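One line per chain: the protein sequences are P and V, in this order.
Residues 245 to 418, numbered by this note's numbering, are exactly what the first sequence covers, in order.
Residues 11 to 115, numbered by this note's numbering, are exactly what the second sequence covers, in order.
It is possible that part of the hints are untrue.
To be verified - Here are the simulated PhoX-like pairs of lysine-lysine, each with C-alpha atoms no more than 25 angstroms apart in a straight line:
(1) P:Lys-268 x P:Lys-333
(2) P:Lys-247 x V:Lys-108
(3) V:Lys-39 x P:Lys-268
(4) P:Lys-333 x P:Lys-406
(5) P:Lys-268 x V:Lys-108
(6) V:Lys-108 x P:Lys-333
(7) V:Lys-39 x P:Lys-333
(8) P:Lys-247 x V:Lys-39
(9) V:Lys-39 x V:Lys-108
No lab work stands behind these hints, which were simulated from the structure alone.
Computed from a prediction, not measured in an experiment: that's the story for all the values here.
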Amino acid sequence: MEKIIFYILAFIIIIFAIASVSSKKMLRSVIYLLFVLIGIAGIYFLIDYNFLAAIQLTVYAGGVIVLLIFSVMLVHHIELELELATVSKRILVGLTSLLGLVIFLTTIYTHEFNVVENTITTTTEDIGLGLLSYDVGGFILPFEVISILLLASMIGAIIIAKGTKLTNKKNDTV
Amino acid sequence: MIAGISIYEILTVTSILFFIGIYGFITRKNLISILMSVELILNASVVNFVIINKYLYPDILQGVFFSIFIIAVAAAETALAIAIIINLYRQISSVEVKDTEIMKY
């Protein structure tokens, strides 16, 4: 049963990822990306990391996609078609990506992984205790650093997006 | 871990996702599309962290912590990038890469 669900999810992820990077319409491309992200959340549910799946759904499917749709709405007409790269360039890049993929896959398949059979369930409590632990292997310092980073990027985004127009700036300096 | 699915199959899926992201990153000519390709690449790496943690070291949680940090950094990066794109659009009325040549302030 889990096998079938995994194959369906993998199929959805790959098909919609290809559609997302090759679609000509901007808004459709964002929606295809949304399906990819939801498929990845499905994989997290399947391997029993419920907390990560919830983060994926709220941060990516909730936050990032809304930001992207918002910016697409601001800067594009809804029926505007994207210009694509030339056919020769697309074929060249596709072949290069395929070559890289083959190298990746040969490396992965020739490596012996020491897989540990387990059915351990991770609760949110374990994740919280690990994040806030002062002991060896605890993550309290990166946790605080990431909170400062989020605050700084929020303030930076507001200041940059508020910026003045170039013409006004010229007038000011004259 | 997923019953009946080996680690190789999941790593195959994430590798394919990663290279689709790279293909989009190179061929797209629009700033927002390039940002979406970066999201694909980041997601592939996050899934790799989680899968390797679950299959190889199930009794520790380092991979989960790292993926939480990657997701936080990706969200911050997206917010900043979209702020820059909107500001750029107000100045040159375009988000195509070929028109973007006034990034110096």
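Hint check:
1. Proposed proximity of P:Lys-268 and P:Lys-333 is supported: the alpha carbons are some 16 angstroms apart, at most 25 angstroms.
2. A threshold of 25 angstroms between alpha carbons decides the hint, and for P:Lys-247 with V:Lys-108 the separation of about 45 angstroms lies outside it, so the pair is violated.
3. Between V:Lys-39 and P:Lys-268, the direct Cα distance comes to roughly 11 angstroms. Compliance with the 25 angstroms bound is thereby established for this hinted pair.
4. Among the hinted pairs, P:Lys-333 with P:Lys-406 is inconsistent with the structure: their alpha-carbon atoms are about 37 angstroms apart, more than 25 angstroms.
5. With a C-alpha separation of about 18 angstroms, the suggested pair P:Lys-268 and V:Lys-108 falls inside the 25 angstroms cut-off, and the hint holds.
6. Between V:Lys-108 and P:Lys-333 the alpha-carbon distance is near 16 angstroms, which keeps this suggested pair within the 25 angstroms criterion.
7. With a C-alpha separation of about 12 angstroms, the suggested pairing of V:Lys-39 with P:Lys-333 holds against the 25 angstroms cut-off.
8. A C-alpha spacing of about 38 angstroms is found between P:Lys-247 and V:Lys-39, which places the hinted pair above 25 angstroms, so the restraint is violated.
9. Distance restraint check for V:Lys-39 and V:Lys-108: the Cα-Cα separation of roughly 8 angstroms lies within the 25 angstroms cut-off, and the hinted pair is therefore satisfied.
Against the hints set out earlier in the document, violations occur for numbers 2, 4, 8.
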